[in-house]
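Chemist: What follows is the residue order along each chain.
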Amino acid sequence: MKLPSLLQAMAICATVLPAFAAGFDAEISGQAAKSIPIALTGYTGEAAQILKFDLEVLGFDVVPAAKAQFELKAGAGTEVQGTLVDTGNQHPLFSRSYPGGSVRSQAHTLSDDVVKAVTGNAGIARTKIAYKADLGGAKEIYVSDYDGANAFRATEDRSITASPAWVPGRLALLYTSYKGGKPDVYSHDLGTGARSRVFGFNGLNTSATVSPDGKRIAVVLSKSGSPDLWVSNIDGSALRQLTTTKESESSPCWSPDSKTICFVSNRDGKAALYTVSAAGGEMRKLSTGGILNCTEPDWSPDGKWIAFTRAAGEFTLYVVPAGGGDATAITAGEDPSWAKNSRTIVFTRGRDRARRLSLLDVPTRRVKDVNRISGSCSQPSWAR
Amino acid sequence: MNCLTKLGLIALLAVVATGSGCAKKPKNITPIPNGYNGSAAPGSDVSQGGALRGGPGAGPGNSGRFTQPTDAAPRDLGIDPNKGAGSSSELPSGNLRDGKIEDRETFKGNTVYFEYDKSAVKSSELAKIAAVAEHLKSHADASLAVEGHCDERGTEEYNRSLSERRALSIRERLVNLGVSASRVTTEAFGEDKPADLGHDDSAWSKNRRGEFILLVPPSLK
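Here the protein sequences come in this chain order: G and Z. Mapping the first sequence onto this note's numbering, position 133 (from 1) lands on 133, and the numbers just tick up by one. Count along the second sequence starting at 1, add 384, and that's the number in this note's numbering.
Just so you know, nobody snuck in bad clues.
With a straight-line cut-off of 20 Å between C-alpha atoms, the simulated SDA-like cross-links for lysine to any residue are:
id : chain 1 : residue 1 : chain 2 : residue 2
1  : G       : LYS270    : Z       : ALA504
2  : Z       : LYS590    : G       : GLY313
3  : Z       : LYS590    : Z       : VAL505
4  : Z       : LYS484    : Z       : SER564
5  : Z       : LYS512    : Z       : ALA579
6  : Z       : LYS502    : G       : GLU314
7  : Z       : LYS506    : G       : GLU247
8  : G       : LYS34     : G       : THR331
9  : G       : LYS270    : G       : GLY289
10 : G       : LYS246    : Z       : THR414
11 : Z       : LYS577    : G       : GLU156
12 : Z       : LYS506    : G       : GLY269
13 : G       : LYS246    : Z       : LYS502
14 : Z       : LYS492    : Z       : LYS506
Quick list of simulated restraints, FRET-style, between CB atoms:
id : chain 1 : residue 1 : chain 2 : residue 2 : range
15 : G       : GLY100    : Z       : ASP580    : 51 to 57 Å
16 : Z       : ALA524    : G       : GLY313    : 44 to 50 Å
17 : G       : GLN49     : Z       : PRO602    : 56 to 62 Å
18 : G       : GLY45     : Z       : ASP580    : 43 to 49 Å
19 : G       : THR87     : Z       : ASP580    : 53 to 59 Å
20 : Z       : LYS590    : G       : ALA238    : 38 to 44 Å
21 : Z       : THR490    : G       : GLY290    : 46 to 52 Å
Keep in mind the hints are simulated off the structure, nothing from the lab. The beta carbon of each residue, even a glycine, is placed where N, CA and C say it ideally should be.
Could you build all of it, start to finish, from the sequences and the hints given here?
Modeler: Right, here's the structure in full:
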């Protein structure tokens, strides 16, 4: 009570963090981490709904005040307000007001502040995702808030559009479109609407992803006569072939230092994960502890983990250390894409062309569905 | 004007994008005819995309404003699209579909089926491919697109690559039977164009396939 609030907050973080952050590594291989009980007092309607969703995605449980470790109290103003209190000593961690913008954005900002105050990590409530939506004929690319709100149809090609990937730090996407009759890779600036074809070689052009430093593109092309992994500059120039297998490669992703690419090859019969230097060299198999049929890798932004899909009748999400090792099954689903917090994953679940996007909190294993637009959604990419 | 300059730059970048440094080629792989890719950024529908508003945002990272795509205008920059593309000189310089009519009927009965997660052509399917090869040999003006498809049991991009591999396997057979590699292109659809919308073994076996689309000059149709 006598401590300055900053010190108080640090003391609280020190007690919370070990169970929360250090638990992560243990949780990958073992039981789910415990969620943090929090009470939301005085919130109604949209603000209450959004705060609950955001906090549950990040590993909190919304409970009555008597059972809570933290309590978030609403204010009297018309805008969203929040006072976060440690219920153990009733000391406030912060008390803030969020004027301007919509109730939705105010509530998201408040939940990010709660996450930051309790865990020390930046929130993800104001990030965006892109995904493919099967509208029962055309397959178009959509962009929305991470929870599915404010969905915007980015393409109107009335064709097949697939495999969206964000350009890091920009409101821009690369994706595959069949508007020209076959799969070509396009670059699309969402701010200006300017679009250009980056790869349009005969055969396959797909699975383009931009390196975290924004300088290069990894892409699958078949112009050499087989679906191989290639790398180029961000404008498509200086194209270089990285693999020369006769079998097919797919789904490249980048290490956070932009030096290594992880991808899928069925060079040895079954689909497996491989890594290769973006500068060229031998492709090396990534150990997944005997798990076969590994596809769709995505490298966590902190560099520690690679999430992937095991496709063996059913689809299952796994996580494996980035250097290889034992892979751990996390939940049923496919198409993982990490948030910038290296904790939350957006993925696809369901089947039979009625698929939907869900959010996975890896430490607690909690899964929450994204608000659904009409149609079957897949191939999410989290902006980071 | 500023905008046009920008579009021109985008078109130029797309041309630059087609240059390549082709690494060593493995055996038994027939390079795909080049050139379709070689042109400047395509798309003739340069329309003014209206700015649509998403939700207004209070915080950073929630800009809420997106714009529909406006494709860069194609323009002839006098660059040979095949230059440096790493292909042999016998390959065509344009889209095999250019100026041709699509005929999906002639080889409707020749659709080639595959085993689950495999791209090798089964011996039971070889006669279908041989018939297509004979037709092409006696119709010198025709070209061929081979569409590759998968069932829904793989993941999407894995399937897109697998379906291309299937189409390439069929193309390889055609080339071995004497069809010029420059007359056959491949189009990979992954699991995006199922022939049967069911979700059982019967539907899946019909969806793991390669289809032949004959491309004929208008005068022959």
